[in-house]
Every structure is written in C-alpha cells, then in structure tokens.
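Number of protein chains: 2
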Amino acid sequence: MFALDSRLQQDTLTIGDFPLCRLLLSNDSNYPWFILVPRRDDISELFQLDVADQQQLWQETTALAEVLKDSFDADKLNVATLGNVVSQLHMHVIVRKRDDAAWPAPVWGKHPAKPYVADQVEAIRERLRLVLPADFTFLEG
Amino acid sequence: MFALDSRLQQDTLTIGDFPLCRLLLSNDSNYPWFILVPRRDDISELFQLDVADQQQLWQETTALAEVLKDSFDADKLNVATLGNVVSQLHMHVIVRKRDDAAWPAPVWGKHPAKPYVADQVEAIRERLRLVLPADFTFLEG
Chain D
1 MFALDSRLQQ DTLTIGDFPL CRLLLSNDSN YPWFILVPRR DDISELFQLD
51 VADQQQLWQE TTALAEVLKD SFDADKLNVA TLGNVVSQLH MHVIVRKRDD
101 AAWPAPVWGK HPAKPYVADQ VEAIRERLRL VLPADFTFLE G
Chain V
1 MFALDSRLQQ DTLTIGDFPL CRLLLSNDSN YPWFILVPRR DDISELFQLD
51 VADQQQLWQE TTALAEVLKD SFDADKLNVA TLGNVVSQLH MHVIVRKRDD
101 AAWPAPVWGK HPAKPYVADQ VEAIRERLRL VLPADFTFLE G
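Chains as they are written, first to last, in UniProt numbering: chain D, 1 to 141; chain V, 1 to 141.
Calculated directly from the structure, the hints in this document are not laboratory data. Incorrect hints may have been included.
Taking lysine-lysine and the DSS-like style, the derived pairs with C-alpha atoms no more than 30 Å apart in a straight line are [as the list claims (entries may be wrong)]: (1) V/Lys114 x V/Lys97; (2) V/Lys69 x V/Lys97; (3) D/Lys97 x V/Lys110; (4) D/Lys110 x D/Lys97; (5) D/Lys114 x V/Lys69; (6) D/Lys110 x V/Lys69; (7) D/Lys69 x D/Lys110; (8) D/Lys110 x V/Lys97; (9) D/Lys69 x V/Lys97; (10) V/Lys110 x D/Lys110; (11) V/Lys114 x D/Lys110.
Using the sequences plus the hints, can you model the full thing?
Next up, the structure:
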C-alpha cells in the first residue's frame, strides 16, 4: 500500500493524483514548486520502477512541466530527482523566474521555506484546474 | 547542426555518444558527474523535444543511472535538468555517496570544481567501456 514519506507529508500540501503519481505542492511560496511521487512501494531510484511506470512518470513529469510553463509564466523549469534526504522516489518540477529568490542557483537549501496562506493555495488549485488533464483527480487536504 | 554550448564545452570532458545524447563528464573529481546533451538544436525544455526524442532521452538517462549505480558504487543517483545558467537542454546524472564532499546537499555551487588528471579520466573511460551498451560510441577529446 502506498504511504507518503513523513517528511514529504510535513513539507507539502496535497493537490491530487495523476494515474501514477501523487502531486504535491511544496509549502514554500518562494517558488511554485511541485513534487510528483509515484504511488509505488519501496522505490528510491528511477530504474527500480518497471518500464511502463518509468514511461508514465516521464509522461506525467513532462506534461506537468509544459502546463506550468504557460500557466505560471516560467522563465525555466527545473526538473530533478535527488532523494539524498528523503529516499522515497520523488520528482521536483519547479517553476523558476529570473527574479525569484534563488535565481540562477538551484532552490534547495537556498532560502528558508515561506509557508503559504490558505488563499494562496486555493489560487494555485484554481489555476491548476484550468490546465491539468482530465485524468487528474484533485484531492483535498 | 548540433553545437555544444561553450560553457558546457569548457567545464566538461567528452566521453561519447548515445543514439540521441552526447555524454560528457563534468571536470570535477569531487563526484562522478555525467551530463547528457540531446544532439538537437535550440532546445531548452524537455517538452520542446518531440515525443520520440523525449522517450529516448528518458531511456538513455535511466539506463545510464542504472549502470553507474553498480559500476561507481553509488548510494544515490541525482538526476536533474535545471538550465538556469546554460539554457541548452542537458541532463545531469550524478553519482552520490554518503561520504562525498557535498552530501546530502545537491552538488551545484557547493564546492569549487577539482579538475581531473589524465589518468583519472582514463580510468573512468575504462570503467564505462565495461558497462555502456553496444549502441554507445566513445569519442576522444
């Protein structure tokens, strides 16, 4: 059974589910910073997924990056799976802007997280409702 | 015609070519740090590649990570495309060890690069010869 790592749970807000991945929003309003977590057990590296899941993860990652580009007016998308601290496989998809807090450095460890207020999260959900595909299921909580 | 970004050229050593990507070695002996560059013009985001190239990039990235895991005794693979400084699309595939210079932080900007000496690069090439697939072509230079 899929269980989200407790650190990911603590640092993010749940948005919903693609066919393979749970979509999370990092609770850091410095950047529109999303995280995809394949709903599979005991996977820490890409190549541990079976080939069909690898292709699905890639498809969900790339499609998410593409809709975020326009919807959040990105100058660049940063796409990364690191997992040095949280070993559960998770893919960062981060909207970067030339005037954001860390540009041009990577975001990790650069600035303390600035938690969202509820209205900001609702605004992001509303924006995502316009662009995420029909096979995406929004979840509350 | 494919031309490698001058900054990538300057900071890396050429290893060879997968069917889609040029494989480079970051000239930083702190970590076995590889970079895949699709040999396509004017691409800075994953979703700008056509779908066949996206699948091929994913396949080459995942296969490279898998062979590096064993061959370089990785504790974790870091896989990322950032591109905030060098816009030409390039995928980092970095062998991380719990005792490396930056662990558990990401490697970017953490320590000044420690250039390789020629023997070290030759040893890496030899190691790769044992594990890279038959459709990989080694290049000198």
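Evaluation of the provided hints:
1. V/Lys114 x V/Lys97: holds, 17 Å
2. V/Lys69 x V/Lys97: holds, 10 Å
3. D/Lys97 x V/Lys110: holds, 22 Å
4. D/Lys110 x D/Lys97: Holds - the C-alpha atoms of D/Lys97 and D/Lys110 are around 15 Å apart, at most 30 Å.
5. D/Lys114 x V/Lys69: violated, 35 Å
6. D/Lys110 x V/Lys69: holds, 28 Å
7. D/Lys69 x D/Lys110: holds, 22 Å
8. D/Lys110 x V/Lys97: holds, 22 Å
9. D/Lys69 x V/Lys97: violated, 33 Å
10. V/Lys110 x D/Lys110: Satisfied, since the Cα-Cα distance of roughly 11 Å is no more than 30 Å.
11. V/Lys114 x D/Lys110: Status holds; Cα separation ~23 Å.
The structure does not agree with the numbered hints 5 and 9 stated previously, though it agrees with the rest.
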